[in-house]
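Dock chain B against chain A, hints included.
Spelled out from the first residue to the last, the chains are:
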Amino acid sequence: MAEKNSKRAIASGRLFVVSVLYCVLFCVPCAAQRWFTVEEQTKTATNGKMRVADKKLYYTRGSRLIVSFGNGPSTYYMLSNPFGGTDIYYPGKNELAVLDPGMFNTSDELLCIFADGQGSDLGLSREGYAFKSTFKDGDYTVRRYEPLKSGSMCAMVQLAMDSSYHPVSCFYYDKKGQVITKTYLSHYTELKGFHFPMRVTEISYFGEQRDSTVRLDIYSNLRIDEREDMHDFKVPSDAVVIDIKKGLKDFKGK
Amino acid sequence: MKKIFAVLFAVFAFVAIASANNYSVDEAAVDAIFSEAVMEASASSMSMAETSVSSVGGDPQITNVIALVVDWVGLGGIGIHRLILGTKPINCLWYFLTIGGIFGVVPLVDGILLIVDLVKGQANWLDNPAFIMWI
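Chains as they are written, first to last, in the working numbering: chain A, 1 to 254; chain B, 1001 to 1135.
Looking at chain A on its own, in the form it has when it is part of the complex:
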């Protein structure tokens, strides 16, 4: 009996030690890589005209994304959470516009996709695409995905990864086999174990004549686990809630 109790005590002790080791080895590192900050410049060209937008992204993993647009008195913030709620706040006027739920989502932002560990498939699984097949094309590994739900405009997605298994291109095809959007990711940088493409080119085709819009996102000044005031930004309680349409109109820069 005493021997049995002794064995039980030893087993419990070992289990305790293993649990502590597990927590130390895995849980502590998991608490890292929580705050992400990056600056982004977006250029869009269509029909020979170009627009440029500069913004700063502050993302708390699993929580909010705050995007700061503009400088000085024209600055405004877009605050979105993983559940689809999006607010636009104008600090200069202390005004807040609440947009329709689902209008923007943190899952739409590339930084959030990579920060949440969805970078390997660019969040396709989360978007409702199922992996169908894979093949090698030279140094590239190409994976094909199809939407789980029927009726989607996109019939197939082809994701190509380089030899380091970084996604380098993502093509969306419609039911006729025509390309809808091509996205190219390059200039991967590695910071504290986090890999992120610092240059993203997206070409979207539309219309019968297959007109195209080219969008170039250039990221810079990536910082990880450097908690800044903007990560904890809270809209003042005395902010004036303004009309949604006015807020959206201002957000679209008109």
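A few of these clues could be false.
[As the list claims (entries may be wrong)] SDA-like cross-link-like pairs, simulated, lysine to any residue; straight-line CA separation at most 25 Å:
(1) A:Lys49 - B:Asp1026
(2) B:Lys1088 - A:Lys176
(3) A:Lys56 - A:Tyr219
(4) A:Lys93 - B:Ala1123
(5) A:Lys176 - A:Ser152
(6) A:Lys49 - B:Ala1032
(7) A:Lys49 - B:Ser1035
(8) A:Lys93 - B:Gln1122
(9) B:Lys1088 - A:Arg215
(10) B:Lys1120 - A:Ala239
(11) A:Lys49 - B:Gly1086
(12) A:Lys49 - B:Lys1088
(13) A:Lys176 - B:Ser1024
(14) A:Lys93 - A:Gln118
(15) A:Lys49 - B:Ala1029
[To be verified] A few chain A residues that face chain B, going by a derived Cβ cut-off under 8 Å, partial list only:
(16) Lys43
(17) Ala45
(18) Ala160
(19) Ser169
(20) Tyr184
(21) Leu216
[Unchecked claim] Looking from chain B toward chain A, a few residues come up when the C-beta cut is under 8 Å (computed):
(22) Tyr1023
(23) Ser1024
(24) Ala1028
(25) Ile1033
(26) Val1038
(27) Met1039
(28) Glu1040
(29) Val1070
(30) Val1073
(31) Trp1094
Calculated from the structure, these hints are not laboratory results. Even glycine gets a Cβ: it sits at the ideal position worked out from N, Cα and C.
Only chain B this time, still in chain A's reference frame:
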């Protein structure tokens, strides 16, 4: 004209380079597209597809006055005042098909709202893509 040809050439070259079976893009070609493009506005905007006709530009109040005059002289029934304010050209068709903007009700309200804007010194109805701009 030279710029247009240069942009078109850059776009076609870019399309040829970024073929469906190519997993990388020629970044120099992409940069060339942007270097040849004309800067439209430095706007913090996520809406990239331009489908509307922009307002005539200049002082918004003058735009409002011109739109109001056009509205009240009778051209509001076919939505010409909305083109001046900036909107989708198809809205003029809606004004026409609804027999002068729902029998003249829409241009009438448009005119009243333009007067209100002029009095308040505002310009709330510029570049509004909706058929009925006040809904």
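Going through the hints against the structure:
About 20 Å separates the Cα atoms of lysine 49 of chain A and aspartate 1026 of chain B, which keeps this hinted pair within 25 Å; it holds. A threshold of 25 Å between alpha carbons decides the hint, and for lysine 1088 of chain B with lysine 176 of chain A the separation of about 30 Å lies outside it, so the pair is violated. Only pairs whose Cα atoms come within 25 Å are accepted, and lysine 56 of chain A paired with tyrosine 219 of chain A is accepted, the gap being roughly 9 Å. At roughly 18 Å between alpha-carbon atoms, lysine 93 of chain A and alanine 1123 of chain B fall within 25 Å of each other, so this suggested pair holds.
For a cut-off of 25 Å, the pair hint linking lysine 176 of chain A to serine 152 of chain A stands: about 13 Å separates their Cα positions. The straight-line distance between the Cα atoms of lysine 49 of chain A and alanine 1032 of chain B is roughly 13 Å, inside the 25 Å bound, and the hint therefore holds. The hinted pair formed by lysine 49 of chain A and serine 1035 of chain B meets the criterion: a straight-line CA distance of about 10 Å does not exceed 25 Å. Our distance criterion of 25 Å between C-alpha atoms is met by lysine 93 of chain A and glutamine 1122 of chain B, whose separation comes to about 17 Å.
The straight-line distance between the Cα atoms of lysine 1088 of chain B and arginine 215 of chain A is roughly 24 Å, inside the 25 Å bound, and the hint therefore holds. Simply put, lysine 1120 of chain B and alanine 239 of chain A have alpha-carbon atoms about 23 Å apart, close enough for the 25 Å limit, and the pair holds. The suggested pairing of lysine 49 of chain A with glycine 1086 of chain B holds, with an alpha-carbon distance near 18 Å, which does not exceed 25 Å. Between the alpha carbons of lysine 49 of chain A and lysine 1088 of chain B the distance comes to roughly 19 Å, so the proposed pair stays at or under 25 Å and holds.
Of the supplied pair hints, the one linking lysine 176 of chain A and serine 1024 of chain B holds, its CA atoms being roughly 23 Å apart against a limit of 25 Å. The hinted pair formed by lysine 93 of chain A and glutamine 118 of chain A fails the criterion: a straight-line CA distance of about 37 Å is larger than 25 Å. At roughly 16 Å between alpha-carbon atoms, lysine 49 of chain A and alanine 1029 of chain B fall within 25 Å of each other, so this suggested pair holds. A hinted interface residue such as lysine 43 of chain A counts as satisfied when its beta carbon comes closer than 8 Å to some beta carbon of chain B; here the least separation is about 5 Å, so the hint holds.
Against a cut-off of 8 Å between C-beta atoms, the interface hint on alanine 45 of chain A holds, since the closest Cβ of chain B lies about 4 Å away. Taking 8 Å as the C-beta cut-off, the interface hint given for alanine 160 of chain A holds, the closest approach to chain B being about 4 Å. Satisfaction of the interface hint for serine 169 of chain A is found here, the shortest Cβ-Cβ separation to chain B being roughly 4 Å, below the 8 Å cut-off. With its C-beta approaching chain B no nearer than about 4 Å, tyrosine 184 of chain A sits inside the 8 Å limit, and its interface hint holds.
Satisfaction of the interface hint for leucine 216 of chain A is found here, the shortest Cβ-Cβ separation to chain B being roughly 6 Å, below the 8 Å cut-off. With a cut of 8 Å, the hint placing tyrosine 1023 of chain B at the interface with chain A holds, because the nearest CB-to-CB distance is about 4 Å. With a cut of 8 Å, the hint placing serine 1024 of chain B at the interface with chain A holds, because the nearest CB-to-CB distance is about 6 Å. Taking 8 Å as the C-beta cut-off, the interface hint given for alanine 1028 of chain B is violated, the closest approach to chain A being about 12 Å.
At about 5 Å, the closest approach between the beta carbon of isoleucine 1033 of chain B and any beta carbon in chain A falls short of 8 Å, and the interface hint on this residue holds. The closest approach between the C-beta of valine 1038 of chain B and any C-beta of chain A is roughly 6 Å, which is under the 8 Å cut-off, so the hint is satisfied. Hint status for methionine 1039 of chain B: holds, given a least beta-carbon distance of 5 Å to chain A, under 8 Å. Evaluation of the glutamate 1040 of chain B hint against chain A yields a held restraint, the C-beta minimum of about 4 Å falling below 8 Å.
For valine 1070 of chain B, the suggested interface contact is broken, since its CB lies about 21 Å from the closest CB of chain A, more than 8 Å. Restraint check, valine 1073 of chain B versus chain A: the minimum CB separation of about 27 Å is more than 8 Å; hint violated. Below 8 Å, beta-carbon pairs count as interface contacts, and tryptophan 1094 of chain B has none with chain A, the closest being about 19 Å; its hint is therefore violated.
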